[in-house]
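2 protein chains.
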Amino acid sequence: MKKSLGSRPFIIPTPVWCVGSYDSNDKPNIMTIAWGGICCSKPPCVTISLRKATYTYGNIMKRQAYTLSVPSEEYAIEADYFGMASGRDVDKFKETALTPIKSELVDAPFVEEFPIILECGVIHHHEIGSHTQFIGEILDVKIEDDMLTKEGKADMEKISPLVFGPVIGRYHSIGNFVGKAFDIGKKYPLKEQ
Amino acid sequence: MKKSLGSRPFIIPTPVWCVGSYDSNDKPNIMTIAWGGICCSKPPCVTISLRKATYTYGNIMKRQAYTLSVPSEEYAIEADYFGMASGRDVDKFKETALTPIKSELVDAPFVEEFPIILECGVIHHHEIGSHTQFIGEILDVKIEDDMLTKEGKADMEKISPLVFGPVIGRYHSIGNFVGKAFDIGKKYPLKEQ
Numbered sequence: 001m002k003k004s005l006g007s008r009p010f011i012i013p014t015p016v017w018c019v020g021s022y023d024s025n026d027k028p029n030i031m032t033i034a035w036g037g038i039c040c041s042k043p044p045c046v047t048i049s050l051r052k053a054t055y056t057y058g059n060i061m062k063r064q065a066y067t068l069s070v071p072s073e074e075y076a077i078e079a080d081y082f083g084m085a086s087g088r089d090v091d092k093f094k095e096t097a098l099t100p101i102k103s104e105l106v107d108a109p110f111v112e113e114f115p116i117i118l119e120c121g122v123i124h125h126h127e128i129g130s131h132t133q134f135i136g137e138i139l140d141v142k143i144e145d146d147m148l149t150k151e152g153k154a155d156m157e158k159i160s161p162l163v164f165g166p167v168i169g170r171y172h173s174i175g176n177f178v179g180k181a182f183d184i185g186k187k188y189p190l191k192e193q
Numbered sequence: 001m002k003k004s005l006g007s008r009p010f011i012i013p014t015p016v017w018c019v020g021s022y023d024s025n026d027k028p029n030i031m032t033i034a035w036g037g038i039c040c041s042k043p044p045c046v047t048i049s050l051r052k053a054t055y056t057y058g059n060i061m062k063r064q065a066y067t068l069s070v071p072s073e074e075y076a077i078e079a080d081y082f083g084m085a086s087g088r089d090v091d092k093f094k095e096t097a098l099t100p101i102k103s104e105l106v107d108a109p110f111v112e113e114f115p116i117i118l119e120c121g122v123i124h125h126h127e128i129g130s131h132t133q134f135i136g137e138i139l140d141v142k143i144e145d146d147m148l149t150k151e152g153k154a155d156m157e158k159i160s161p162l163v164f165g166p167v168i169g170r171y172h173s174i175g176n177f178v179g180k181a182f183d184i185g186k187k188y189p190l191k192e193q
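Order-wise, the sequence lines are chains A and B. Position 140 (the first sequence) corresponds to 140 in this note's numbering; numbering is contiguous. Position 49 (the second sequence) corresponds to 49 in this note's numbering; numbering is contiguous.
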């Protein structure tokens, strides 16, 4: 029996991604978001939504660029902190002793210690309500070379990204391999028989 | 050492959500997507991106509504199938013996057997490139009542949603609880000291 929870921003899973930007003094800032997702294949684009009040919002509006750094499970505490503190009040890189690296492709920094980073140039932004949605073209994806499988693909288990449950406020790791995409579904017919 | 993978639509985690819609004959259709995410808190909105060639694209353009049904791990095969077959060629509900239920709030069906469903009315759509992005206002979230904790919150472990790694094409379950959000990060200072 289904129970109504009302109109609320809840669905699972949501990501845990850290948005890198520079402020007007070139100070690197980093902020964790769960409101985002890939939104286009060609060009490859990823969207993030921010409240105007965030320090990151102003940074991205000026520089028209951001990075996404994907924290592995071991950086859950830092990722949570990046979503709580504001770059207006504190230097989050300095406090956590994590390392900002200037992207060579876009005007934004990423987190050296995190296993996957995306370098994004803003191509659109849309006002929705409480949040502004930025659409960033993914100019490059970089990954730690020891996080690749023998076949040169990203190894989900080694990377061990975080998964978020909004409203309930829980971080989980990723679990067991369940199946291969575009494969296990072949059990059912693709055409009427 | 970070290695470049090039410009591609890759980041983890991405969701596995099934989009419900009606075609022009009122036949329910269901399609799995990984390109999506929450994009606003007030009003609560979730975005999905679709290629124009999909059957679901035309359905949503006409009805201006969709549902998202979140499959639990036990429905990984069906979820994969929903992302491979087209509603133009086959009745995916019929083939999998899953049950379409007409939403009372929006002009779209959801999957009765899946633990969480969202009913969404389209408020915007944007052309990006290969994909059109739909922004749906979440009018209600419904959850199976045996998937709630004692405190009445969604139980991530019981729901057991799928997590997707695009490009590498892998479904994973969610794993262990790592920490509470807006809590574990308090280890670091919120203001300069």
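Hints are computed from structural coordinates only; laboratory data are not their basis. Misleading hints may appear alongside valid ones.
Each pair may be met inside one copy or between any two copies, as identical chains are not told apart.
Claimed, not checked - 20 Å max Cα-Cα, derived EDC-like pairs, lysine to aspartate or glutamate:
(1) Lys187 <-> Glu157
(2) Lys62 <-> Glu192
(3) Lys52 <-> Glu127
(4) Lys62 <-> Asp107
(5) Lys158 <-> Glu137
(6) Lys186 <-> Asp146
(7) Lys186 <-> Glu95
Hint by hint, here is what the structure shows:
1. For the identical chains of this complex, Lys187 and Glu157 are neighbours neither inside a copy (26 Å) nor across copies (27 Å), given an alpha-carbon limit of 20 Å.
2. Within a single copy, Lys62 and Glu192 get their C-alpha atoms no closer than 53 Å, and across copies no closer than 25 Å, so neither meets the 20 Å cut-off.
3. In this homomeric assembly, Lys52 and Glu127 come within 20 Å of each other (Cα to Cα) only inside a single copy, at 10 Å, whereas the closest approach across copies is 24 Å.
4. For a Cα distance limit of 20 Å, the shortest separation of Lys62 from Asp107 inside one copy, 10 Å, qualifies, whereas the shortest one across copies, 40 Å, does not.
5. When the C-alpha separation of Lys158 and Glu137 is checked against a cutoff of 20 Å, the pair qualifies neither within a copy, at 26 Å, nor between copies, at 36 Å.
6. In this homomeric assembly, Lys186 and Asp146 never come within 20 Å of each other (Cα to Cα): the closest approach is 33 Å inside a single copy and 31 Å across copies.
7. In this assembly of identical chains, the alpha carbons of Lys186 and Glu95 lie at most 20 Å apart only when taken from different copies (12 Å versus 50 Å within one copy).
Checked against the numbered hints above, the structure violates hints 1, 2, 5, 6; every other hint is satisfied.
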